[in-house]
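Number of protein chains: 2
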Amino acid sequence: MAYRETTKVLEKKSQMRSEILRSAETLVRVGGFKALTIQALANDVNMSVGNIYRYFGNKDALSVEVFRHSTERELLAVAQAIQGKTDISQSLEAGVRVFAERAFRAPVLAWALIAEPVEPAVDESRLFYREAYARLFEKVIAEGVASGTLPQQIPALSAAAIVGALAESLLGPLEHNGPEQEVIDGLVLFCLRAVGA
Amino acid sequence: MAYRETTKVLEKKSQMRSEILRSAETLVRVGGFKALTIQALANDVNMSVGNIYRYFGNKDALSVEVFRHSTERELLAVAQAIQGKTDISQSLEAGVRVFAERAFRAPVLAWALIAEPVEPAVDESRLFYREAYARLFEKVIAEGVASGTLPQQIPALSAAAIVGALAESLLGPLEHNGPEQEVIDGLVLFCLRAVGA
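Read top to bottom, the protein sequences are chains A and B.
The numbering of the first sequence is this note's numbering, which starts it at 7 and goes up by one.
The numbering of the second sequence is this note's numbering, which starts it at 7 and goes up by one.
Hints may contain errors.
BS3-like cross-link-like pairs, simulated, lysine-lysine; straight-line CA separation at most 25 Å [to be verified]:
| hint | chain 1 | residue 1 | chain 2 | residue 2 |
| --- | --- | --- | --- | --- |
| 1 | B | Lys-65 | A | Lys-40 |
| 2 | B | Lys-40 | A | Lys-65 |
| 3 | B | Lys-19 | B | Lys-65 |
| 4 | B | Lys-40 | A | Lys-40 |
Non-contacting residues of chain A with respect to chain B, defined by C-beta distances greater than 12 Å in every case (computed) [what the hints assert, rightly or not]:
| hint | residue |
| --- | --- |
| 5 | Gln-21 |
| 6 | Leu-82 |
| 7 | Gln-89 |
Calculated from the structure, these hints are not laboratory results.
Beta carbons are placed, not taken as given, at the ideal position from N, Cα and C, and that holds for glycine.
Bound conformation, chain A alone (with noise of 0.2 Å):
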């Protein structure tokens, strides 16, 4: 009995966690990270802000898993793209505009997870994802130099090139509203011209 009552808490106390995480993500998603305090947080599941701190050890801990959790998804998204096309320019073009799309969608989300000044333990996480946006692309752009589709190329510095200029690019037309369709379309065309594609 004291066992099974024992999984309840457990489970109880996850099932919390995700409820308090989903509810720190929507915060950053219409107010970006400054939005997300942890008195905001208690309001919105309830609680007081000493049980918040139960779940979340610090506000910075906090940041960083809503940064990663949103962080992850985003890459996810590209990553498929990337992969659901054969062709390198196809791969290429597919993973800047899945990107794009994606901000434009929820643009505050995306300028938060971009360039939002923060904690340095978000900035930290911000520096690892980058790398792995970067990754992703250098193996489309690694393939496309082996076949002699893309000209010679060191394709770590290109990738890199190319999440940088995505995140850089977009933080003025997220925060001005587009024009989208010509700022993703300039954006594609930016990359393939960047790698000779």
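For chain A, the structure is supplied; the task is to place chain B on it using the hints.
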């Protein structure tokens, strides 16, 4: 007499402030912003910690000032390189090359300015100065589009993409020591191709 003494005091304070700032920049150049502690600074300039705080209200303000001061020097070098050429492609190439060459010459400083996880206040300044870099490239690209030297594109978009590409793609090579010439040439090619030059 009182007036002249005040002037002298002000001069002395201003000199002292410059000395602290110079020392702070050296700390960042050698070990990044994480090496910039008020204690290290106090040791360097032979002052008490409390005295340092009389010149710079807090650590954030000091970090931001060091960031700005260093970045403005870099920005000026890139601006001069771009303005030193009349041909569009040569202008863009000079800007990219000077940015990258200077980064390789002071790799820790470059990493600290571009990407080291830091206080949000420095992140704010990063956004500001990235836009300043972008405006330099935007001007050249817009001229190229207007004269028909470059294909139609949104100059602000391509310019921001170049700045993002430069910043992101240099991080790996700066950390792993190159290969400098190959990386710089690769970046120049990436950026020129990207804008259709």
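Do the hints match the structure? See the list:
no.: 1; hint: B:Lys-65 <-> A:Lys-40; result: holds, 21 Å
no.: 2; hint: B:Lys-40 <-> A:Lys-65; result: holds, 21 Å
no.: 3; hint: B:Lys-19 <-> B:Lys-65; result: holds, 18 Å
no.: 4; hint: B:Lys-40 <-> A:Lys-40; result: holds, 23 Å
no.: 5; hint: Gln-21; result: holds, 32 Å
no.: 6; hint: Leu-82; result: holds, 21 Å
no.: 7; hint: Gln-89; result: holds, 22 Å
Checked against the numbered hints above, the structure breaks none of them.
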